[in-house]
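Here the protein sequences line up with chains B and V, keeping their order.
All residue numbers for the first sequence refer to numbering that gives the first Met the number 0, where the first residue is 0 and numbers rise by one.
All residue numbers for the second sequence refer to numbering that gives the first Met the number 0, where the first residue is 0 and numbers rise by one.
Check each hint, because a few of them may be wrong.
[As the list claims (entries may be wrong)] Coverage of chain V stretches by chain B, computed from C-beta distances (three or more under 8 Å per stretch; other residues unrestricted):
1) 2–8
2) 32–38
3) 148–161
[Stated by the list, open to error] In silico contact screen, one side only, chain B against chain V (beta carbon under 7 Å); selected entries:
4) Phe22
5) Asp23
6) Val25
7) Thr59
8) Ser86
9) Thr114
10) Glu124
11) Gly183
12) Leu184
13) Phe185
14) Met188
[Claimed, not checked] Quick list of in silico lysine-lysine cross-link-like pairs, PhoX-like style, CA-CA up to 25 Å:
15) V:Lys153 / B:Lys147
16) V:Lys283 / B:Lys147
17) B:Lys146 / V:Lys283
18) B:Lys81 / V:Lys283
19) B:Lys244 / B:Lys37
20) B:Lys200 / B:Lys8
21) B:Lys81 / B:Lys204
22) B:Lys133 / V:Lys283
23) B:Lys79 / V:Lys172
24) B:Lys37 / B:Lys147
25) B:Lys37 / B:Lys146
26) V:Lys153 / B:Lys127
Just so you know, the hints here were simulated from the structure itself, not pulled from any lab data.
A virtual CB, placed ideally from N, CA and C, is assigned to each residue, including glycine.
Listed below, chain by chain, are the residues.
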Amino acid sequence: MNTILKTKKITPIISVRRVTKNFDGVRAVDDLSIEIEKGKITGIIGPNGSGKTTLINLLTGMIPFDTGSVFVNGSKELFKIKAYDISVFGSTRTFQDVRLFEQMTVLDNILVVLTERNVASALFEKHKKFHNQKAKEVLEKMGLWGKKNELAVNLSYGQRKLLEIARVLATKSDVYFLDEPFAGLFPEMVKLISEIIKELKQQGKTVILIEHDMSLIRELCDYVFVMESGNLLAEGEPKEVLGDKKVIEAYLGE
Amino acid sequence: MEYLIHLGILFAIYTILGVSLNLVVGYTGLLSVTQAAFYGIGAYATAILLTQTGIGFFTSMILGVILAMSISFLIGLVLSRFRDDYYALASLGFNVIVFSIFLNWQDLTRGPLGIPGISKPDLRFFNYDFSFSSNFSYLILTIIFAVLIYLVSKFIVNSSFGRVLKAIREDEKAIQVFGYNTLYYKLAIFVISAGMASVAGSLFASYITFVDPSSFYLMESVFILTIIILGGLANLRGAVLGALIMILLPEILRFVGFPSDIAAQMRQVVYGLILILLMLYRPKGFLGEYEI
Ligand SMILES: Nc1ncnc2c1ncn2[C@@H]1O[C@H](COP(=O)(O)OP(=O)(O)O)[C@@H](O)[C@H]1O
Ligand SMILES: [Mg+2]
């Protein structure tokens, strides 16, 4: 790869240092080291099963890593990450297999990420006006305000994806991990979400985007990591990486 | 009339048990089968304190609640390591343990002989002495407690805390990602629920004036679980309706006229059948907002 690019001075908001994750027999992430630049949109691409989702799961405390360490948003060196700590580090995420609070209303799906974290305070808090305003703002943005009293489980696939985006927008985060947010969506919805991702960047947020559509990667991303079998196959700016023979082969060989 | 009052008292007590268990099972999604243990702890606390010390009923109730909450805190810590079916099994194990303590700690509980002669509460308001010795006044007392506990539960489920409980039920890992340390939430609701069950136990002990371990056996936990599955999980009114049906059911069965020597067994069979039929045909119960 282009060594000049790699040594380019960046301000990393996330550093992954030699992280490995095994699932009995499968090495999903293999001694991986990457740095993600603050305020940029970073794409993670690679064939199915190459470890993209696992990487995000590791960085958001969904599963523990076997070896290695991580720095997130000015944290100390972390050897394990608890899921409930990642919001302290300013991170939030969506899930490839959309994970909503199914038997709760659309509105409650948003309110629940806005209210008090502390048990005692939460017990004596009902959601307040500013919670409602924030929920209304993000649901209107996604065109879901009219559905606010419906149970999440009754939404269509596309609406479910949008509700997940609304939920992360409701949080005050610095880092947004989006795992295939466009998958299976109609063009208008794709447009809506890509506009939102651009807006996040304008606000100085960091976005980590897993995506298979190369034209979207080209349009949105400042930098791309290509994964294969838990390893880094290539990295660089989209126009370079997407023309790389190795990368094209990895995708065609799928 | 006396008999209706009797049913009313049982209804109020089981409303407390159902509502409190619904907080854990219906709202938080933790399939606990140990509510009878905390019910028993409250009953024994009142039985022992009223028969062996000069402590009054209401003080015994408060001490029972504190004891039940402390023990449930420890049990809840252990249970937090389990999920789903294993949670149910482990919780059931705790019911068995607490039951065998009632049965075998004979110096304290008199074991299978039970503790008789538990008195009814007295209240002293300035110069007025008020005794709950008549069943009617006791009915009023139990209803007051049932209403209080219903209102507290309503406050809990309508709070931000209550919304988090439901999110834990739906997807615990996902709500953690949004900054909630769910262990504290699960422990808190488990402990609150145990305290409420203990109140029901104190009311029961003083009403029946006698406790023995048999009232707090595993079947009792299953009975309380049936109440909320029948009435509806994650719905407080469902727990009340469930308690009503389950209290009236034996009366209805009486009309069916099973021979008296097998009536008790038949009741168990009917409870079992109800559970199975519900799971098959109406997993949400009558008013449920959530199914297991
Ligand atoms: N929870 C899990 N248990 C076992 N194997 C897993 C688990 N999650 C992922 N894997 C395996 O790890 C590898 C990487 O998967 P994943 O990270 O989902 O890939 P991607 O998101 O790039 O498609 C795959 O071989 C997958 O089968
Ligand atoms: Mg994936």
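Here is what the structure says about each hint:
{"no.": "1", "hint": "2–8", "verdict": "violated (count 0)"}
{"no.": "2", "hint": "32–38", "verdict": "violated (count 0)"}
{"no.": "3", "hint": "148–161", "verdict": "holds (count 5)"}
{"no.": "4", "hint": "Phe22", "verdict": "violated (16 Å)"}
{"no.": "5", "hint": "Asp23", "verdict": "violated (20 Å)"}
{"no.": "6", "hint": "Val25", "verdict": "violated (20 Å)"}
{"no.": "7", "hint": "Thr59", "verdict": "holds (6 Å)"}
{"no.": "8", "hint": "Ser86", "verdict": "holds (3 Å)"}
{"no.": "9", "hint": "Thr114", "verdict": "holds (4 Å)"}
{"no.": "10", "hint": "Glu124", "verdict": "holds (4 Å)"}
{"no.": "11", "hint": "Gly183", "verdict": "violated (20 Å)"}
{"no.": "12", "hint": "Leu184", "verdict": "violated (20 Å)"}
{"no.": "13", "hint": "Phe185", "verdict": "violated (25 Å)"}
{"no.": "14", "hint": "Met188", "verdict": "violated (22 Å)"}
{"no.": "15", "hint": "V:Lys153 / B:Lys147", "verdict": "holds (22 Å)"}
{"no.": "16", "hint": "V:Lys283 / B:Lys147", "verdict": "holds (23 Å)"}
{"no.": "17", "hint": "B:Lys146 / V:Lys283", "verdict": "holds (23 Å)"}
{"no.": "18", "hint": "B:Lys81 / V:Lys283", "verdict": "violated (34 Å)"}
{"no.": "19", "hint": "B:Lys244 / B:Lys37", "verdict": "violated (28 Å)"}
{"no.": "20", "hint": "B:Lys200 / B:Lys8", "verdict": "holds (20 Å)"}
{"no.": "21", "hint": "B:Lys81 / B:Lys204", "verdict": "holds (22 Å)"}
{"no.": "22", "hint": "B:Lys133 / V:Lys283", "verdict": "violated (33 Å)"}
{"no.": "23", "hint": "B:Lys79 / V:Lys172", "verdict": "holds (16 Å)"}
{"no.": "24", "hint": "B:Lys37 / B:Lys147", "verdict": "violated (34 Å)"}
{"no.": "25", "hint": "B:Lys37 / B:Lys146", "verdict": "violated (35 Å)"}
{"no.": "26", "hint": "V:Lys153 / B:Lys127", "verdict": "holds (18 Å)"}
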